[in-house]
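Engineer: Use the sequences and the hints to build the structure in full.
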Amino acid sequence: MIYTDKVMDHFQNPRNVGVIKDADGIGQVGNPVCGDMMSFYIKVKDSKLEDIKFQTFGCGAAIAVSSIVSEMAMGRTLEEAMKITNEIVAEELGGLPKNKLHCSNLGADALHAAIADYRKKHAAEKSEVSPEAEKCYCPYCEGPIEGLEAGCTACNVELEECPHCGNLTKKGEEKCAKCGADLEAD
Amino acid sequence: MIYTDKVMDHFQNPRNVGVIKDADGIGQVGNPVCGDMMSFYIKVKDSKLEDIKFQTFGCGAAIAVSSIVSEMAMGRTLEEAMKITNEIVAEELGGLPKNKLHCSNLGADALHAAIADYRKKHAAEKSEVSPEAEKCYCPYCEGPIEGLEAGCTACNVELEECPHCGNLTKKGEEKCAKCGADLEAD
Amino acid sequence: MRQVYLDHIAATPLDPQVLEAMLPFLRDKFGNPQSLHSAGQEALVALEEARSRLAGLIGAEDSEVFFTSSGSEANNFALKGMALARRDKGNHLVLSAVEHQSVLHSVKSLEKLGFSSTLVPVDKYGLVDPEAVRRAIQKETVLVSVILASNEVGTVEPVIEIARICRAAGVPLHTDAVAAVGNIPVDVKELGVDALSLAADQFYGPKGSGALFVKKGARILPLIDGGIQEGGRRAGTENVAGIVGMGKAAELARARLSERQEGMKTLRDRLIDRLPQRVDRVYLTGHRERRLPHHASFCIEFIEGEAMLLNLDMKGIAVSSGSACTSRALKASHVLLAMGIDHALAQGSLVFSLVDSTTAEDIDYLLDVIPPVIDRLRKMSPLYTKFLEESQK
Amino acid sequence: MRQVYLDHIAATPLDPQVLEAMLPFLRDKFGNPQSLHSAGQEALVALEEARSRLAGLIGAEDSEVFFTSSGSEANNFALKGMALARRDKGNHLVLSAVEHQSVLHSVKSLEKLGFSSTLVPVDKYGLVDPEAVRRAIQKETVLVSVILASNEVGTVEPVIEIARICRAAGVPLHTDAVAAVGNIPVDVKELGVDALSLAADQFYGPKGSGALFVKKGARILPLIDGGIQEGGRRAGTENVAGIVGMGKAAELARARLSERQEGMKTLRDRLIDRLPQRVDRVYLTGHRERRLPHHASFCIEFIEGEAMLLNLDMKGIAVSSGSACTSRALKASHVLLAMGIDHALAQGSLVFSLVDSTTAEDIDYLLDVIPPVIDRLRKMSPLYTKFLEESQK
Ligand SMILES: Cc1ncc(COP(=O)(O)O)c(C=O)c1O
Ligand SMILES: Cc1ncc(COP(=O)(O)O)c(C=O)c1O
Ligand code: FES
Ligand code: FES
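Chains as they are written, first to last, in this note's numbering: chain U, 1 to 186; chain F, 1 to 186; chain D, 1 to 393; chain R, 1 to 393.
Some clues are possibly wrong.
[Unchecked claim] Per the computed footprint, the stretches of chain U lying under chain D, defined by three or more beta-carbons under 8 Å from a beta-carbon of chain D, are: (1) 23-29; (2) 39-52.
[Claimed, not checked] What follows is a set of in silico ranges between Cβ atoms, one per label pair, in the way DEER data are often shown: (3) D:258 x R:20: 57 to 63 Å; (4) R:89 x D:140: 29 to 35 Å; (5) U:45 x D:276: 42 to 48 Å; (6) F:13 x R:283: 46 to 52 Å; (7) R:283 x F:50: 36 to 42 Å; (8) F:76 x D:45: 35 to 41 Å; (9) D:45 x F:45: 44 to 50 Å.
These are calculated hints, taken from the structure and not from any lab test.
Think of the CB as a built atom: it goes at the ideal place given N, C-alpha and C, for glycine as much as any other residue.
Structural biologist: Below, the structure is given as structure tokens:
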């Protein structure tokens, strides 16, 4: 399988799917152009996440990530929830294909955005949402990438950064593999 | 098989192999660089080929061609023997692979050279040895070739003429496929 | 659990007769066709028989058929080989916006070598307008390439008309017929093309065997340089068993084509007609009539293809969400985008492709299984929620 | 009639275990490895297992192995892909004078694209002098290619030393190991090469399956552009059965290599030692010790190879007169000429190549059959007659 059993479990039986009508905070990340979009709804009580619901438009990984993020954050304090990173999410799922690692960012990002929304609304304290600097992975061979210049050392593909979303795409591709933006032909 | 039964028969059981010590005429064509060399020895009586022997260094086709040429010419008048052409030889053998058609030229050429040698020695009459203009065949796909410009229309190979032997060779080859001469790189 | 395989555009099973034909060449007939001894000649005879059968399927001369290892190789061979052979004539290429990756990326590689290209747009059915091809052809154009039938949306292009235009302009035309050959009648003379790519695994032949038809007289340089195989046009020891299998598959396809087509068409139509009755906001992609007989493709609004595919897989149904060659790419299909379908909808692409043994029960099982799958995923989708909210207003 | 097959450099039979491993993928496991559903994933797992086995045979990482359809494709991929990827660094190539046609002609094609090349000469045993490679490398050199073992004369080149020189010069080294892998120990790390070509049909695997090792970090452009197969490096639906067979063959080769080698070497030596005792003016080509364990090649003076080959074939013995890839070319082998053998002698080339099931009886049968064949052909040869006449003087 392309996914671990744990991913498949969360994909098949996602926890906490849905919408909270009177949410204390709502976070939304991604858009359909990228092929993925997540909405997180939170209820906060005593600085703790009393309830979490999500909706996801996206692939199997995106759905599983949303589900596990909601499960990991449930009942936690906002502080604790803000510490959930894509690495932790991916690890918790027993690993993700490397070209799907960006989905794990999305899950944490959406949750963090919901918390930020809550904080803004409740003006409890202002905090900058600063998602982790994204690790780069080659979208072709899924190997880690050191720098753009070198290309992917694993599969030797020449890469360029999408000026629109920053995603790495094989040189000469006409569209960004992530956001679909037109890349200038070289 | 690459060869017809008739070719294989003449190759396995070549007629008239050998040398005539006191030959009336000797003809030799080809050379080892081309991969083929034939010697024909003839005895002439009353303007007829009383005996013919040959020796051949070369491939299966070359041996079969020598054999059948000797058989076809045996007992014939010199005039008749001079009319043996490569087409007739190839036809008599039930066909040859097209890249081996040049071998059929060799057989007739060697016989004609022996006759010319006899005529020269006996000064009976002078005659120019003018072997038939060679038909061109693509050495790669064995298809007939109209002109050099067009390349081989059958297999689309680009051809050039070997400046040494005139054989057609794929453009960009370093050596002539027939005579082994160095071709200038393009 | 019932197993329903509806992803045959990615792979067909071998016809048992094809395997039967291959086996001797995997057992004791192991000679190399280029060897001059009997074992070699035996392999050569089999190779040439396969060439003849394949030529027969597409109406070509035997000598116009060159074996390759895949449809992609055939496309690379055609594009690069013909463009580079005609470089003295110009450096411009014309291709449609719905070409396969192996054509598109061959052109990208040629662009690095100094070629330029014009992409001919398609209409909402994915159809290329022959007149648009005419307009795209320039004085410098050395090759036009238009797909015969799309593996993603099933649309069959008006290649005959396009060929007429190319002939008039004196520019050779290549067509990628990988998804077409063996599934619809394909005759190179009728089409009037100069080169045509095909692959055996599209018609019950083995993977790893394809071919390029190159019309007599058309110039092409090898993609794989080396020995004398394929008349010096494609080097490398031949995959004898695979080629023999392809030949057998071609022979069977020729004999059974119309029967196969009719059977699959009926089931395809059942699916095309009934799926939109069972689920709302489901759109057929590609042309309704001018399409491959075994191909039904849709976009399902508000959800993403991979999620559907995995859910169906868990129910024993194998489908695809686009071209197998791009299954792991995260972007929407360039074919769907070229047809004017928006990104979100294009993400919900599903392709069902049939085989001659597909049954009505298979289709009905799919029709039963898919609505709850879609329903469940839509309930998870923020886009669907938004849509419901807006339609309530 | 006794059948003795001694042309295994052109073709080996499939090991029965290899066929066994392939069959499921020719029967019901027909999924496309790029399909995301279970049938596809099953094929993918098999593909990756094969990659791992192949990597194990040559001491590579799995991710450094790219499947191809033949040794020739691997050579074209390496030469064209690495040269074009490094075009910004220079445009000069270095190769030995005894490379396979698929390397030589790849270089010819690159020359049309603006590259130049230097041919490094060999000695009379066909050995490349590493120092000569050092001298041939220029500032503009972007790739060196030296064959690991010659299929024509069996000589094994000092690639380790050449690799050291290339590393010092900062130029990547490709080696054509098609005739070597599976027959002698080959370890890419020990060799120190950046790329290495191999083909399964040289070690009891199927025809139509080869691979290129590309060292992690080495840059290479695809030869076949298109989909995401092989990490975007080599497009086209994978020949799953063939690849699985190659993997199994690699596993077997790894386990049995030393045993196979020893057995074949003994018989090879029997042939090399005894043939010149039975027939005069017969010359071993290639190096006596540094040669492939299953390879014995000779030039027989005064006669031509094809005529011998056909005569031996009629006696049930299959041999070759050089590379299968050039069997129909009429010219003398460029390898023999590069070794300084003259044209006439080079025409008399015979190559005997063994397999692990070759027996001493096979060799003895050959040794009995060949002298009268040679004798008969020499009696027909004008060159022999001339030689006899001259030696009588
Ligand atoms: C040394 C060498 N290189 C390359 C090749 C070409 O391999 P293939 O025939 O698989 O294309 C061969 C074939 O025997 C070979 O011996
Ligand atoms: C239209 C089209 N072209 C090219 C290809 C590539 O063929 P292959 O996968 O054999 O390389 C495919 C594959 O399905 C196809 O459908
Ligand atoms: S939603 Fe998984 S690829 Fe982005
Ligand atoms: S001797 Fe037959 S090829 Fe010339």
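Engineer: Tell me, in ascending order, the numbers of any earlier hints that this structure violates.
Structural biologist: Hint check: 1, 2, 3, 6 fail, others pass.
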